[in-house]
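Novice: Assemble the whole structure, with the sequences as input and the hints as a guide.
2 protein chains.
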Amino acid sequence: MRTDEQALVDRLPTLAQEEDKYKVREMLENVRPEDLADAIQRSELEIGLGVLRKLDAETAAYVLVELPDETSRALVAEMPDTTVAHYLDILPMDDALGLRDSLSPERFEALLHVIPDQDAQEIRRLLSYPEDSAGQFMTEDFVMVSPLDTMADVLDLIRNTNDEEFETVNYIYVLSEDRHLLGLLTLKRVIRAQPNSLARDVMVEDIITVPATMPEEEVARTLARYGFSAVPVLDERGRMLGIVTADDAQQILEEAQTEDVLMLGGVTGDAENYMSLSLFELVKRRLPWLVVLFIAEFFTGSVLRYYLGRDADADPSASLAVIAKLQLFVPLLIGAGGNAGSQVTTTITRALALGDVRSRDWFRVIRREFSVAALIGVTLGLIGMARVSLPVVGWSQPLYLSLTVGFALPCIIIWAASVGSILPMAAKRLGIDPAVMSAPFISTFVDATGLIIYFEVARRVMAGYGIQF
Amino acid sequence: MRTDEQALVDRLPTLAQEEDKYKVREMLENVRPEDLADAIQRSELEIGLGVLRKLDAETAAYVLVELPDETSRALVAEMPDTTVAHYLDILPMDDALGLRDSLSPERFEALLHVIPDQDAQEIRRLLSYPEDSAGQFMTEDFVMVSPLDTMADVLDLIRNTNDEEFETVNYIYVLSEDRHLLGLLTLKRVIRAQPNSLARDVMVEDIITVPATMPEEEVARTLARYGFSAVPVLDERGRMLGIVTADDAQQILEEAQTEDVLMLGGVTGDAENYMSLSLFELVKRRLPWLVVLFIAEFFTGSVLRYYLGRDADADPSASLAVIAKLQLFVPLLIGAGGNAGSQVTTTITRALALGDVRSRDWFRVIRREFSVAALIGVTLGLIGMARVSLPVVGWSQPLYLSLTVGFALPCIIIWAASVGSILPMAAKRLGIDPAVMSAPFISTFVDATGLIIYFEVARRVMAGYGIQF
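Chains A and B, in that order, give the protein sequences.
Numbering-wise, my numbering puts 557 at position 404 of the first sequence, and it's gapless, one number per residue.
Numbering-wise, my numbering puts 540 at position 387 of the second sequence, and it's gapless, one number per residue.
If you're looking for bench data, these hints aren't it; they were derived computationally from the structure.
Just to be clear, a hint being listed does not mean it is correct.
Note: identical chains are not told apart, hence a pair may lie in one copy or across any two.
Unchecked claim - The calculated DMTMM-like cross-link candidates involving lysine to aspartate or glutamate, where the alpha carbons are at most 25 Å apart (straight line), are:
1. K341 with D354
2. K581 with D163
3. K581 with E408
4. K581 with E187
5. K581 with E158
6. K174 with E197
7. K341 with D306
8. K341 with E187
9. K341 with E211
10. K341 with E182
11. K174 with D359
12. K437 with D514
Because the structure is a prediction, the values reported are computed rather than measured.
Specialist: If you want it as structure tokens, here you go:
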């Protein structure tokens with residue numbers, strides 16, 4: 154059953170104090186690593202350390218990989234090399250590799266000399282693939298048989314392996330001598346088939362595979378798309394290297410999505426548990442973008458100065474009153490533009506991430522967004538005009554003001570929508586993550602440019618009334 | 154292998170024209186439903202319809218469930234009841250239920266009378282559970298055995314079932330006579346154990362289950378958290394009703410995340426393929442929020458009028474020049490506040506969705522966000538002051554202006570951070586989806602309130618210089 158988290162958190166301090174480690178292990182027997190990791194992550198470092206020390210190496214290792222990097226980094230730093238090496242040794246290769254993020258490169262390198270050579274070599278092999286590629290998080294522990302093995306052989310093979318040997322036995326891969334993937338057997342098929350029938354006659358031959366160099370997020374999407382629980386990874390010469398399993402893929406997708414969401418909010422950095430991030434980390438993830446946007450926003454000041462600023466120093470003139478009035482609607486108009494832009498950029502970025510939209514669809518997308526923006530812009534324009542001109546419910550301002558607002562709004566919103574749809578697709582084309590075109594980015598962009606639209610519209614409308622500014 | 158999408162899209166029109174349906178089936182033999190659905194979704198309705206008509210009912214049914222609702226709705230509308238009923242009959246119950254979203258309630262109800270009673274009853278049973286709950290998307294097709302069955306019995310059972318009968322045979326559930334879940338067998342365990350050993354001796358007893366009423370997103374998170382490929386669903390009396398499988402869970406998570414992302418961008422509505430949405434649908438998803446925010450933004454006008462507006466109509470006074478100067482920095486300050494607020498609300502909302510943060514953590518979160526905001530605010534404040542006051546690189550404005558900007562920025566950003574962190578957590582507490590506190594929402598909120606802070610700071614600073622406004 155699932156343990157109540159808070160209850161577990163409260164119990165940890167006592168467990169950390171407990172002398173008799175077997176008592177601790179017994180008390181935590183039915184607690185799953187994921188739940189224990191959660192509780193440790195929400196407790197003081199010392200407490201977590203105290204508990205881990207009392208667990209058997211295997212449980213401890215599995216808890217460690219479930220912890221957010223920041224936390225496990227802090228814990229591992231307190232552990233002797235022998236312990237960590239032991240963990241690396243116990244864990245499946247893909248998890249062991251995950252633990253690497255919690256270690257300094259030097260220490261990890263040093264540990265590779267401590268653990269059994271075979272494991273060290275496998276880790277080195279996996280590390281030789283590009284960062285965040287299929288090769289780096291696949292496991293080499295899959296069941297492989299030869300095309301001439303019988304179903305009875307296959308079942309024997311599965312019977313006589315120990316539990317840790319394979320990540321999954323539900324898929325059995327049929328490989329040629331030179332490790333080319335010939336076909337796939339599901340355990341179900343093996344059981345159904347005649348015991349003496351040959352693998353090559355039972356296997357399914359039409360298999361979806363991924364190259365070892367494919368980016369992890371793409372691999373994860375492939376698994377999710379077809380609902381597979383594992384996908385074979387091939388090297389450039391078509392030899393099977395390993396498998397990527399759905400649970401790893403799930404985690405990768407989740408992290409990728411977290412990074413996209415945060416980036417859309419103007420926050421950069423890897424997916425990390427919020428609570429495990431230091432204040433410094435939090436500032437580091439936000440300040441750079443904010444400063445860039447802040448400096449970009451200076452441009453709004455320049456625009457205002459260009460259109461109005463000069464007069465401010467000159468002798469107060471009639472136009473000054475008009476200017477003051479125009480100013481009243483600045484936040485309203487750039488706000489609406491920013492919000493409309495955020496909607497569009499968020500929609501398009503997500504559609505790109507899910508593959509619903511490809512960059513080659515740019516024309517269809519812009520056509521759609523243009524029409525949508527026109528409809529929305531006119532609606533807001535009418536509401537705006539009413540608010541500005543009407544007495545009682547409105548501000549009963551002169552007609553030329555409400556006309557300005559009414560005309561400026563559709564223009565600004567159509568502009569915002571164009572920017573919000575073109576920029577993400579352009580980014581995708583250029584191989585930049587479209588999520589960089591975040592809501593804050595678009596609204597900042599639209600603030601300054603929207604002002605120009607507003608005042609240009611104003612000038613033309615006012616000119617009609619013989620008002621200069 | 155995976156088919157090249159564009160190539161397939163280009164081939165569809167010819168296939169739709171093709172007279173001989175067997176030729177079409179043969180040509181599409183190695184194309185997976187997911188890929189075919191993708192291609193159909195990117196083609197004209199008639200073409201998609203033409204292709205589906207030529208496929209065997211089973212393939213067609215599976216393609217249909219892979220299509221976005223909007224598209225399948227349009228296609229199903231063109232199909233005779235007999236065909237659709239046949240599809241409902243073929244599909245696993247959870248998929249059949251999914252097809253329901255593409256049918257009018259009346260038509261679906263009518264179809265239930267056409268399909269076999271047993272299926273109709275199962276669908277009605279599933280429908281009796283709350284909307285979007287585990288009960289609605291579980292499948293009742295799981296392998297169940299009695300505690301006294303031997304491993305040999307279990308293997309026979311699996312051998313003698315046809316392919317469609319069970320969603321998965323990798324998990325075998327041991328149920329008591331009254332359908333209480335006693336334990337779990339993995340197919341691997343069954344093969345490993347002695348053929349004559351009893352289920353009750355081999356089974357694992359510590360199992361994580363979910364109630365039929367649990368919201369689908371929570372069920373999906375549970376599966377993802379523990380990396381299960383299926384989880385048993387129990388009724389309120391602890392009897393096992395069915396299982397939810399990981400591939401369904403994956404899809405639910407993806408849709409839930411899409412809805413969150415869009416909502417954070419101020420777009421409401423269910424996850425749907427962007428390209429399959431009509432213009433009207435797109436407007437419907439965006440306009441309501443925009444109008445609400447737009448009207449809320451009117452408040453900025455009132456604030457400006459309160460602080461400045463009145464003077465605009467009065468005789469131009471010295472303070473008018475000051476006011477004009479103050480106005481220059483309005484977009485800069487509210488922009489910075491909005492961006493900082495978006496960062497915070499996005500971070501917190503995501504952390505809440507992932508369970509990294511619970512509403513009971515509110516105090517820790519606010520303390521953290523306050524310190525972060527203070528650091529960021531002071532940094533931007535200094536940059537702002539420099540820009541305002543410095544000659545050449547800046548606008549060489551009088552000191553009282555740069556002081557105003559320098560003091561106002563930290564206040565506004567701390568305010569934005571507090572709002573951006575408190576609102577999502579409050580929403581969560583109140584059972585509202587925190588994602589409603591979208592970036593546009595927060596920035597609109599901060600626009601008006603930020604202005605008040607700005608002018609209040611300005612008044613105090615100016616007062617120090619004997620300037621009234």
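Novice: Find the hints from earlier in the document that the structure breaks and name them by number, from lowest to highest.
Specialist: Every hint satisfied by this model.
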